[in-house]
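S.K.: In case you want the letters, here they are:
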Amino acid sequence: MPDPGRSRHEDYLLDLPKERPVYPPLPWVCPNSTMINVYFEVLKAPLLDRLPPEFCRTSPPYCRLSIFDHPQSPVGPFRDAILALGCRLNMMPAAFVAASITNSEKALAAGIFERGFPNTLGKIEFASSVGSARAVVGGATGPLLEVELPLLQTIEPSRLAFDHADSLRTTADGKSALTITRPDIKIERAAICKNARIEYLGEGGETPWQSLRCRNVVSAQLVHGERTFEAGHAPG
Amino acid sequence: MKFGIFYEHSVEKPWSRESELRAYHQALEQIELADELGFDQVWEVEHHFLEEYSHSSAPEVFLAAAAARTKRIHIGQGIAVALPQMNHPARIAERAAALDLISNGRLEFGTGRAATWTEVGAFGIDPDHTKEMWDEVIRAIPRMWTEEEFEWNGKYFKMPPRNVLPKPIQDPHPPMWVAVSSPETAVQAAERGIGMLGVTLGTPADYRRLVADYRRIIKHCDPVGKFVNNQVNAASWLYCGEDENEARAVGGAAAFNFFRTAAHLVGLGGIYPSHAYTALANATALLSQAEIFSLREGFPVGTPEQIVENLRYWEEVGVERVVCLINFDQQIPQKKVLASLERFAKYVMPEFAEDKASRPTGPSKSGPEAPPMPT
Chain Z
1 MPDPGRSRHE DYLLDLPKER PVYPPLPWVC PNSTMINVYF EVLKAPLLDR LPPEFCRTSP
61 PYCRLSIFDH PQSPVGPFRD AILALGCRLN MMPAAFVAAS ITNSEKALAA GIFERGFPNT
121 LGKIEFASSV GSARAVVGGA TGPLLEVELP LLQTIEPSRL AFDHADSLRT TADGKSALTI
181 TRPDIKIERA AICKNARIEY LGEGGETPWQ SLRCRNVVSA QLVHGERTFE AGHAPG
Chain R
237 MKFGIFYEHS VEKPWSRESE LRAYHQALEQ IELADELGFD QVWEVEHHFL EEYSHSSAPE
297 VFLAAAAART KRIHIGQGIA VALPQMNHPA RIAERAAALD LISNGRLEFG TGRAATWTEV
357 GAFGIDPDHT KEMWDEVIRA IPRMWTEEEF EWNGKYFKMP PRNVLPKPIQ DPHPPMWVAV
417 SSPETAVQAA ERGIGMLGVT LGTPADYRRL VADYRRIIKH CDPVGKFVNN QVNAASWLYC
477 GEDENEARAV GGAAAFNFFR TAAHLVGLGG IYPSHAYTAL ANATALLSQA EIFSLREGFP
537 VGTPEQIVEN LRYWEEVGVE RVVCLINFDQ QIPQKKVLAS LERFAKYVMP EFAEDKASRP
597 TGPSKSGPEA PPMPT
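Note that the protein sequences, when read in sequence, are chains Z and R.
So for the first sequence, the working numbering puts the first residue at 1; every next one is plus one.
So for the second sequence, the working numbering puts the first residue at 237; every next one is plus one.
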């Protein structure tokens, strides 16, 4: 320790559209949002392969999968999902976004230009109730994974806190910029699930969603509250 | 004030076949010397799967070797993990009693419940219940040591009547401790009449409230053992240097590397929301120290004079024992570690000998300026 990541910044560069699409200015306040959040252990090698060198892995290596459902927002209902690598940046807890998906063109544009994520269009199914929750995340090739929280137990919202998310955003001049997005959900209701599961669907290929397979679920939460979809900022 | 040393058995990568061998045997040589020099205790942690940070998963085995090589130094399990899914309580009692016999009654029996997901998750233990498990186990073990027909029908383990053997030589049993890294656990230690074994490498200021709460509450305790152990043990880092610069460069650098490695462990509180881990877990708590990049107030790293001054702060807070890490990842050459122990024994220990215990303590509360870490 420390064990730094071995991906290259170039691996995260995107081809930005020549003209910035029109979308409402950030931040977007999204009331009545719901988030499924799962921490799970992964193998060391695929995590290091996706982690930029300024970040170091933790022991054990783990990922955070967060799937959001926003029934209300300035761009209408939309959903997004991020797969973040648990890590340390200058010894402090961090979560680097290795993959992200949204079903909204406008959220995609805002994400690419101002946050670094979400940066891919896809399809997200999302259903939740007081007792259970389920989501399916899909990309261009079809469904990627299914998350199920079959038995929820309500907890005090104050028991939960989430780290900021870090990403490599592609800048207008084609370079990458480390970008930090603050924890963005004001928790109004929360529940945990002790028997969550993640099932991988279809042929995975080499996407992070499937190469960073869950080896052991650590914890899972369902959170309801107001999410603020805001622009990221440079570290420091 | 009494002084001890403690071991994580850290082993830095890249590993060779000899890396762990060297760590274990260098530690045994250090303990032999510490015993001769008059150090009071040696403690060893129990950790599992924490690569590089701690390769100390069988502390009773190591401590038995330490006991066999020494005459006076107390042998501390710091700690035995008191979770039935990790260690059956009868096995904990058996191994501890055997260690007490081998050491001729020098065992200090520390207990705890693990604080990282790596460990708790590996054994399939529900983090929400570890505190309750620990509480049940520490009530059973003194009875195992003192009863011929021990029987238990608890929430987390059950046993038909058995005579748990061997029995410890200390009468009625070895002193009991619990690892304390949060204000809540300090209070629980006091309520149960067991010693407070500080495991966070904090400052005297960090310990002040814990010690005050502990001292106040233990006066009215309901002891889980057959007697009350009302001692407070703090954890720190020791390097007694040839001069100030050497101490900073050698001891300070090793201390920093310890914090840096600890910062990459995943404390339970970080990714598993649980009422049973309300405080920052052990490794996570170190993050706040790691970011300081300097030796902390009260750390006995420096010249003998500086160390005496730093240890006075611990005295002022009411800590009567300080146990210290003395190396990390074998980064400090063995010769230097042994020399540091010798300097400490020669120049620092006499200042805290019992015949000097009544001397007034009057350091300022702010403490000395912390020397900067080497870059």
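Since the hints were made in silico from the structure, they are not lab data.
All figures in this text were calculated on a predicted structure; none of them were measured in a lab.
Each hint should be verified, as a subset may be incorrect.
[To be verified] List of simulated lysine-lysine pairs, BS3-like, C-alpha gap at most 27 Å: (1) R:Lys572 <-> R:Lys249; (2) Z:Lys194 <-> R:Lys582; (3) Z:Lys194 <-> R:Lys572; (4) Z:Lys106 <-> Z:Lys44; (5) R:Lys391 <-> R:Lys238; (6) R:Lys455 <-> R:Lys394; (7) R:Lys571 <-> R:Lys249; (8) R:Lys238 <-> Z:Lys194; (9) Z:Lys44 <-> R:Lys394.
S.K.: Against this structure, judge whether each hint is valid.
M.R.: These are the hints, each one checked on the structure:
no.	hint	result
1	R:Lys572 <-> R:Lys249	21 Å, holds
2	Z:Lys194 <-> R:Lys582	55 Å, violated
3	Z:Lys194 <-> R:Lys572	49 Å, violated
4	Z:Lys106 <-> Z:Lys44	35 Å, violated
5	R:Lys391 <-> R:Lys238	38 Å, violated
6	R:Lys455 <-> R:Lys394	32 Å, violated
7	R:Lys571 <-> R:Lys249	21 Å, holds
8	R:Lys238 <-> Z:Lys194	45 Å, violated
9	Z:Lys44 <-> R:Lys394	38 Å, violated
Consistency note: the structure conflicts with the earlier hints numbered 2, 3, 4, 5, 6, 8, 9.
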